[in-house]
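This is what each chain is made of:
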Amino acid sequence: MSLITTISNALRGGKPNRLRKSQDNSYEVASQWRLMWWKFKKHKVALASAIILLFFYIVAAFCEFLSPNLPEARFTEYKNSPPQKIHFIDPQTGFQFRPFVYGMSAKVDEKTFRRTFAPDPEKKYEIQFFVKGESYKMWGLIPMNVHLFGLKNPKDPLILMGTDKLGHDLFSRIIYGGRISLSFGLVGIVLTLVLGLVLGGISGYLGGVADTIIQRIIDLLICIPTIPLWMALTAALPKGWSAEQTYFGLIIIFSIIGWTGLARVVRGKILTLREEDFTMAARLAGASGFRIIRKHLLPSFASYIIVNVTLSIPGTILGETALSFIGVGLQAPVVSWGVLLQDAQNLETLAYYPWLLWPTAFIILTVLMFNFLGDGLRDAADPYK
Amino acid sequence: MNAVQEESILDVQSIKKYFPIKKGFLQKTIGYVKAVDDVKFHIRPGETFGLVGESGCGKTTLGRCILRAIEPSSGSVLFRDRQGNLRDVLKMDTKDLRAIRRDMQLIFQDPYSSLNPRMTVLSIIAEPLVCHGLLSGDQLKDRVKELMELVGLNSRHLERYPHAFSGGQRQRIGIARALATEPKFIVCDEAVSALDVSVQAQIINLLQDLQERLDLSYLFISHDLGVIQHISNRVGVMYVGQMVETASSKDLFASPKHPYTEALLSAKPIPDPRRKSNRIILSGDVANPANPPTGCYFHPRCPYAADVCRKDAPVMKQVGDGHYAACHFAGELKLRGAGSLSC
Amino acid sequence: MSEEDEIILAMKDVKVHFHLDEGVLKAVDGIDLWIKRGKTLGIVGESGCGKSVTSQALLRIVPKPGEVMGEIKLYRKGKDGDEGIDLIKLDPRGKEIRDIRGGEIAMIFQEPMKAFSPVHTIGNQIIEAILLHATDDKEEAYRLGVDILKKVGMSNPEQRMDEYPHQLSGGMRQRAMIAMALSCNPSILIADEPTTALDVTVQAQVLQLINDLKAKNDTSVIFITHDLGVIAEMSDDVAVMYLGKVVEYTDVDTLFHGPKHPYTQALLNSIPAIGREMKRLESIEGTVPFPMNLPKGCGFYSRCKHAMEGACNSADIPLIEVAKGHFVRCLLVESEQGTTEVKV
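Residue numbers (the UniProt record's numbering), protein chains in the order written: chain C, 1 to 385; chain H, 1 to 343; chain A, 1 to 344.
If you're looking for bench data, these hints aren't it; they were derived computationally from the structure. There's no promise every hint is true.
Stated by the list, open to error - Distance ranges between label pairs, derived from CB positions:
hint, chain 1, residue 1, chain 2, residue 2, range
1, A, 47, C, 371, 56 to 64 Å
2, H, 27, A, 124, 29 to 37 Å
3, A, 124, C, 290, 46 to 54 Å
4, C, 371, A, 13, 42 to 50 Å
5, C, 252, H, 38, 52 to 60 Å
6, C, 271, A, 37, 49 to 57 Å
7, C, 290, A, 47, 35 to 43 Å
What the hints assert, rightly or not - Far from chain C by the CB rule (all over 12 Å, computed), these chain H residues:
hint, residue
8, 30
9, 34
10, 38
11, 141
12, 178
13, 250
14, 280
15, 281
16, 283
17, 292
Where is the CB? At the ideal position from N, CA and C, for every residue including glycine.
Throw the hints in and build the complete structure from the sequences for me.
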């Protein structure tokens, strides 16, 4: 809810008071956004998706605080360890409110030399909340050392989703990776949005030669298969770039290719809206071109743009994941869901260490939620039908 | 300047609107759709000029050309501004045009698409006032309230959105918007066609009341002969982009001089079962304006067509006091008017 | 109603209710109508009065979530002494109703463009209809198709058979539509605003065509329109509908020269008609209420000039037979006539 209302209030030029004042006979004075919200509310799946996504993004925003371990922390005794189970019942002392985990003891198979882990009841670690652990910088700025939960001694292992071959805690890394992957979708769409709006707007509003040129460029870009093009462009990024530079470099690459769909939507919408009687009425009322765009055209297709953007975010996330997975996108030590999946590239790992697939679950969930959300928004986008 | 111009508020001279037909890869122009072809008429202050014709005859295009909502191909539209000077709307630059639009407005057919659903009634009606920088703040709000009451809307519904109103009420909003800048001349483009009969009567009455109170001149475009006869002082009949007959409403309905007008009058069903007419049923359809017939455009459907009609296009000629018809036999044929339909 | 008229369709207390989230929308709320052989029943009313939904109920094509109640007895031709078959009891997707649709009852719509498939030729679509109902022989069907196109006044019917709907003009398309509807010799033709989208000169052609065909084939027509001029032209009997109810039902002459219901009277006075000089139109104040959560009593109460507080808005108004074959749903008429309530 809050996502939509914030966007809508921002677009309305911030007049939230009026909405609140008139809740009683609200249908008559319900603005476009309010009608959309009523319609959206009926789409329960989309509503649930919005809430889950919001939760994901909050987790990603506070990943330093929410993850028990640092992403680079290694439990050298616990390489490729399976996830720990959380317990509440101690066989000796019975039920306790404070959850705890058991440490693992490794055993080496004499024939295959593969290490297998088993919980060791001797090593009982109680989970503490708001515990002082490894120090970190919140958002890279504020030095802190409090974690939402963790073990008293940060050297002790808390590996809720297992570890990788270097002994990294996968749970913490997924939370950190979420920050990169999820933000990539949002930040990546900003540039796409700007490009799509400007170029689609020019194409639709001016028409003529500008329209033809932009349309032909779009045709050309759509013809090129995306993955090879992504790969070619990413390969062109300088090797010496820092993690941040690569991140934004990738975003630019995605936007250069991704704006075409949005530009077409914008152009099509402008072409139909220009023919609407109310646009002509505004012109006859003496409105300037700028006023018509600002007061009539933009508010009319803002909702369609939100829908379109929502539906193209998962594409960007998947693109980043794909590139990182095949090793041309973001690189370790940067942690993203795609980078994490690099460890799950061969059958052997999947057979012996299936927990390495955990990032996939989050990717699927995110993409699915975005699609449900987009579906709901699309149904609500035109409340006047 | 002749006598007609002397007194008229609007004088349309030889206005033409040709839409090019483009074809092929290079978009070469291969012909023109003559949507409006050399139309002349004038409107006097306080008068309603009815424009009637079937779909595709160019009446809507003509209305919009006069307001320069679409750019005519040639001709001139002389319009009397607030200073009392006749000025050619088609020769005005953007600034002058914006200024003159205070004085000429349009009421649309579709009460749904003509109001932006995302704006409140207040901002819809206020838009012309805001755009012309005439009023602001509380004065603006008061003026909008005044306008709403003028057209019979409850002025407390200022903050409502169009979706809260019925078709008739929406049309009232559209009328209030057109009246906001106190124009002298309004084009009503099928302003009542989309409305239910009972509501249609309300809006027609409203338009007539407003005309009386505010001294408005209307160009009333409609396909409905009943409405046209009721509201107009003078009437022009259009067929395939051309004006075929203009006359005072009384003359036109009582004794039409063009066979097309006669056919139109007799085709209109009369709400009285005792007056079932022996109809003139025209054969065929309205001519295609992209590929009109030779000579008189009406000759393939005309029951009186002769050889000359196939060869030469007729010109407008005077057949009575202020009564003009574009027919080779205008005045010679004995045509039936609406009155003679009763049995 | 005169006894010699053979009734072929009788609607008894037909209701169509749409169950929506916001409440029950009573599109049609208890109407009784009779359709006589070879006669035209005109149904007139403003938008939202339920006239189109009534025709949809006859063919059982009411869109979801509509629910049809009541009884529609169809007396099929060639079955004398037939008790008639209740269309409402039929499965809306069953074989029987599909036989009746197009076979017994055919329909023509306002927008012929929407009723035709744009990807098949006119011929294909007409032949398909004929194959469904009349014959199994393809060549015979083609011949019948050409015949019917000729009957509706299409020039070169053989050529038209191979044309697509968009190649025809509006009037021609409406003719093709009528041809398709008539291809199986239906006993009832429902015409739902068939000329509203047409120009007056073309409308005149189509109206004449429908009248000619009706006379020739002894077809009954249900003619739905909002245009009182067309009603006067076409109908034998007229039902005036308002808010899902029939408010006046009589023969066409009485309707135009002795209307009893205030709504009918106001409606007749509100149309600007040629040859009738009027300084001012009589308008009906306000607008048609939304047919949901309506107050008790007469639906026209809020707009009626003669409304009586406490009487008109207290209970539902019954349909009264004020003269033979003249039914009115109004308390004013009841008080002056003192006639008995009609039993149907």
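Fill in: Nearest-CB test (12 Å) between chain C and residue 292 of chain H
At about 26 Å from chain C, residue 292 of chain H clears the 12 Å cut-off, so the statement holds.
Discussion item. Please check whether residue 252 of chain C and residue 38 of chain H have a Cβ separation lying inside 52 to 60 Å.
Written reply: Cβ of residue 252 of chain C to Cβ of residue 38 of chain H: about 58 Å, so the range 52 to 60 Å holds.
Item to complete: Check the non-interface label on residue 38 of chain H: least C-beta distance to chain C beyond 12 Å or not.
Response: holds (25 Å)
Discussion item. Quick check on a hinted range of 46 to 54 Å for residue 124 of chain A and residue 290 of chain C, using CB atoms only.
Written reply: Cβ of residue 124 of chain A to Cβ of residue 290 of chain C: about 52 Å, so the range 46 to 54 Å holds.
Practice prompt. Examine each Cβ of chain C, and state whether all of them lie more than 12 Å from the Cβ of residue 178 of chain H.
Written response: Residue 178 of chain H not clear of chain C: closest Cβ-Cβ about 9 Å, inside 12 Å.
Practice prompt. Determine whether the Cβ-Cβ distance between residue 47 of chain A and residue 371 of chain C falls within the hinted range of 56 to 64 Å.
Written response: At roughly 39 Å between Cβ atoms, residue 371 of chain C and residue 47 of chain A fall outside 56 to 64 Å, so the hint is violated.
Practice prompt. Say whether it holds or is violated: residue 280 of chain H keeps its Cβ farther than 12 Å from all Cβ of chain C.
Written response: Non-interface label stands for residue 280 of chain H: nearest chain C Cβ at 35 Å, farther than 12 Å.
Practice prompt. Mind checking the hinted window 42 to 50 Å against the Cβ distance between residue 371 of chain C and residue 13 of chain A?
Written response: Given range 42 to 50 Å: holds, Cβ gap about 48 Å.
Item to complete: Test the statement that residue 250 of chain H is away from the interface with chain C: the closest C-beta pair must be farther apart than 12 Å.
Response: Given a closest Cβ separation of 32 Å, the condition holds.
Practice prompt. Hey, is residue 141 of chain H genuinely clear of chain C, shortest beta carbon separation above 12 Å?
Written response: holds (14 Å)
Worksheet item: Is it correct that the beta-carbon of residue 283 of chain H has no partner in chain C closer than or equal to 12 Å?
Response: holds (35 Å)
Discussion item. Between the beta carbons of residue 27 of chain H and residue 124 of chain A, is the distance compatible with 29 to 37 Å?
Written reply: Holds: the Cβ-Cβ distance is about 35 Å, inside 29 to 37 Å.
The structure shown violates the earlier hints numbered 1, 12.
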